[in-house]
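Asker: Residue numbers (the numbering used here), protein chains in the order written: chain A, 1 to 222; chain B, 1 to 98.
Simulated from the structure, these hints should not be mistaken for lab results. Don't take each hint at face value.
[As the list claims (entries may be wrong)] Taking lysine to aspartate or glutamate pairs in the EDC-like style, the calculated list, with each CA pair at most 20 Å apart, reads:
| no. | chain 1 | residue 1 | chain 2 | residue 2 |
| --- | --- | --- | --- | --- |
| 1 | A | Lys46 | A | Glu142 |
| 2 | A | Lys46 | A | Asp24 |
| 3 | A | Lys166 | B | Asp78 |
| 4 | A | Lys217 | B | Asp60 |
| 5 | A | Lys109 | B | Glu28 |
[Claimed, not checked] Chain B is faced by these chain A residues, among others (derived, beta-carbon under 8 Å):
| no. | residue |
| --- | --- |
| 6 | Gly22 |
| 7 | Ile48 |
| 8 | Ala49 |
| 9 | Ser53 |
| 10 | Met57 |
| 11 | Ala58 |
| 12 | Asn65 |
| 13 | Arg67 |
| 14 | Leu70 |
| 15 | Ser177 |
| 16 | Ala208 |
For every residue, glycine included, the Cβ atom is placed at its ideal position computed from N, Cα and C.
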Amino acid sequence: MPIGLGYFSVSFGFGIMAVSLGLDILPTVLISMTNLTSAGQAAGVKIIADNGSFAEMALTELVINLRYALMSIALSQKLDESFTLKNRLGVSFGITDEIFAVSSSQKGKINALYMYGMILISFIGWVSGTFLGAFAGNILPEKISLSLGITLYGMFIAIILPALKKSAGVAVAVAISCALSLVFEFVPVFNFISGGFAIIISAIAAAALAAFVFPVKEEDES
Amino acid sequence: MRLFIYILIMAGVTYLIRMLPFTLFRKEIKSKFLKSFLYYIPYTVLAAMTIPAIFSSTGDMLSATVGTIVAVILAFFDLPLIVVALAASLAAYITMIM
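Sequences are here, hints too, so could you generate the full structure?
Answerer: This is the structure in structure tokens:
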């Protein structure tokens, strides 16, 4: 339930943003139905608004969503025997940051039906939020729609901090990742690296360093 | 038509990134380093996406900073995602209209 509501509020922000960039309601909702990802969709509609090339779209989505490949590998380690090929093809559509966070923190193996249920709830929240956001985008005062721009990041902070409190490894990993991300953004030498690549490089370097210095004990990883 | 191709590319690339590793990866990872790496990666990805982008997420830095501080405090006390997200948004809005 919190996931469905969380998705609703974030996709509401996405709907507002897409409409403000000139997209109609229908394609905006179609994007949410087929993508189910916050950062990738936000970057995608910006490219559509700028009339960018198809190659730029493909590359941007690849880089921004590359983390899902890592999450998919991590989750693939916890699947029980209910995961036939068909279920793997189906469930993989719905591997998002939040669903990964929830399912990877479960103790023991995960079940396909459990995943479908969670994905369905987030799908409904995501698509209905997008529709209402796009709809309200034309009505809401500018300051309200601007202030909703922070919701997605607020959710990310709410995922990171509780884990960071409990684990020195997570705290160090997050601190390094933030520091590298800031370096890429503000040190002029690195300006040639785009935002998507900067995120991937920061995240991989920080996770590798933390994994080297703070290897996870068996009971933590569940 | 062009809009349709854009959406097709977005959806196709995003699905393949999720589907291929999830479907093809059948072996159990034994390496302690790789296991630890995969444990840390979601947190480092989310962190790099949030910092510094959150400070420009509302269009002006002051309201975004106030929203960030509120989010960090509430998240520290384990409040639900939706509460943290909306409180950050509300704090940013109040800052804007003051």
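Asker: Each hint should be assessed against the structure and marked as holding or not.
Answerer: Outcome of the hint check:
Pair hint Lys46 (chain A) plus Glu142 (chain A) holds up; C-alpha atoms about 19 Å apart against a cutoff of 20 Å. As the CA atoms of Lys46 (chain A) and Asp24 (chain A) are separated by approximately 14 Å, the hinted pair is consistent with the 20 Å bound. Annotation: proposed proximity of Lys166 (chain A) to Asp78 (chain B) holds, straight-line Cα distance about 11 Å (limit 20 Å). A distance of roughly 42 Å separates the Cα atoms of Lys217 (chain A) and Asp60 (chain B); the hinted pair therefore is violated under the 20 Å criterion.
With a CA separation close to 13 Å, the supplied pair Lys109 (chain A) and Glu28 (chain B) stays within the 20 Å bound. Of the supplied interface hints, the one on Gly22 (chain A) is violated, with its beta-carbon coming no nearer than about 11 Å to a beta-carbon of chain B, more than 8 Å. At about 5 Å, the closest approach between the beta carbon of Ile48 (chain A) and any beta carbon in chain B falls short of 8 Å, and the interface hint on this residue holds. This hint is violated: Ala49 (chain A) has a C-beta 10 Å from the nearest C-beta of chain B, more than the 8 Å allowed.
With its C-beta approaching chain B no nearer than about 10 Å, Ser53 (chain A) sits outside the 8 Å limit, and its interface hint is violated. Proximity of Met57 (chain A) to chain B holds as hinted, the smallest CB-CB distance being about 5 Å (cut-off 8 Å). With its C-beta approaching chain B no nearer than about 5 Å, Ala58 (chain A) sits inside the 8 Å limit, and its interface hint holds. Restraint check, Asn65 (chain A) versus chain B: the minimum CB separation of about 5 Å is within 8 Å; hint holds.
Interface hint at Arg67 (chain A): satisfied, since its Cβ lies 4 Å from the closest Cβ of chain B, which is below the 8 Å cut-off. A least Cβ separation of about 5 Å between Leu70 (chain A) and chain B falls short of the 8 Å threshold, and the interface hint therefore holds. Nearest Cβ of chain B to the Cβ of Ser177 (chain A): about 4 Å, under the 8 Å cut. The hint holds. Look at Ala208 (chain A): its Cβ gets to within about 6 Å of chain B, closer than 8 Å, so that hint holds up.
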